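2 protein chains.
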Amino acid sequence: MSRDFLQTQPGYVSTALHQSIAPDAKFMLVNIAVWESAEAFKAASAKMMQTAGIAPVDGLKFTPGLYTVIVTD
Amino acid sequence: MSRDFLQTQPGYVSTALHQSIAPDAKFMLVNIAVWESAEAFKAASAKMMQTAGIAPVDGLKFTPGLYTVIVTD
Numbered sequence: 515m516s517r518d519f520l521q522t523q524p525g526y527v528s529t530a531l532h533q534s535i536a537p538d539a540k541f542m543l544v545n546i547a548v549w550e551s552a553e554a555f556k557a558a559s560a561k562m563m564q565t566a567g568i569a570p571v572d573g574l575k576f577t578p579g580l581y582t583v584i585v586t587d
Numbered sequence: 515m516s517r518d519f520l521q522t523q524p525g526y527v528s529t530a531l532h533q534s535i536a537p538d539a540k541f542m543l544v545n546i547a548v549w550e551s552a553e554a555f556k557a558a559s560a561k562m563m564q565t566a567g568i569a570p571v572d573g574l575k576f577t578p579g580l581y582t583v584i585v586t587d
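Going down the list, the sequences are from chains A and B.
Each residue of the first sequence is one higher than the last, beginning at 515 in the numbering used here.
Each residue of the second sequence is one higher than the last, beginning at 515 in the numbering used here.
Next comes chain A alone, as it looks inside the complex (with noise of 0.2 Å):
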């Protein structure tokens, strides 16, 4: 699985899958993953790509992105 090699790469914080608690929502699943820098994360995502690749879910489709906090409170 990919987050069993992700986990062990450089700059690897923590990562927490969130479930909708709706049965109809657009974003059934949301996994947030914290990496130390967008840097990190784009060496391990390349690595991951090179050595395993990603299988293909039927029916999954992924909506990526790379955030920075902002704002807390």
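All clues given are correct.
One copy or two, it doesn't matter: identical chains are merged, so the pair holds either way.
Listed next, the in silico SDA-like pairs over lysine to any residue satisfying Cα-Cα at most 20 Å (straight line):
| id | residue 1 | residue 2 |
| --- | --- | --- |
| 1 | K540 | G579 |
| 2 | K540 | A552 |
| 3 | K556 | T522 |
| 4 | K575 | V544 |
| 5 | K556 | D538 |
| 6 | K556 | A539 |
| 7 | K561 | Q523 |
| 8 | K561 | Q521 |
| 9 | K575 | M542 |
| 10 | K540 | T582 |
| 11 | K556 | H532 |
These aren't lab readings, by the way, just hints derived from the structure by calculation.
Here the structure is a predicted model, which is why all the values come from computation and not from measurement.
Use these hints to put chain B onto chain A, whose structure you have.
This is chain B only, laid out in the frame that chain A set:
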């Protein structure tokens, strides 16, 4: 601002506003608000709509969802 109201309500835990690093992301802003329960959030939201409401912002489209964390590592 709606955040100022919400953080005074019972069950509010925290908020983290995320901004996309890429300028052309499908979602430019992702706000992750943590509440003690879905019920606490729904009660606070209902109260906010009754009192102040939410002022629309030109060009801003919301895709809200309620999630529960199912896996962490």
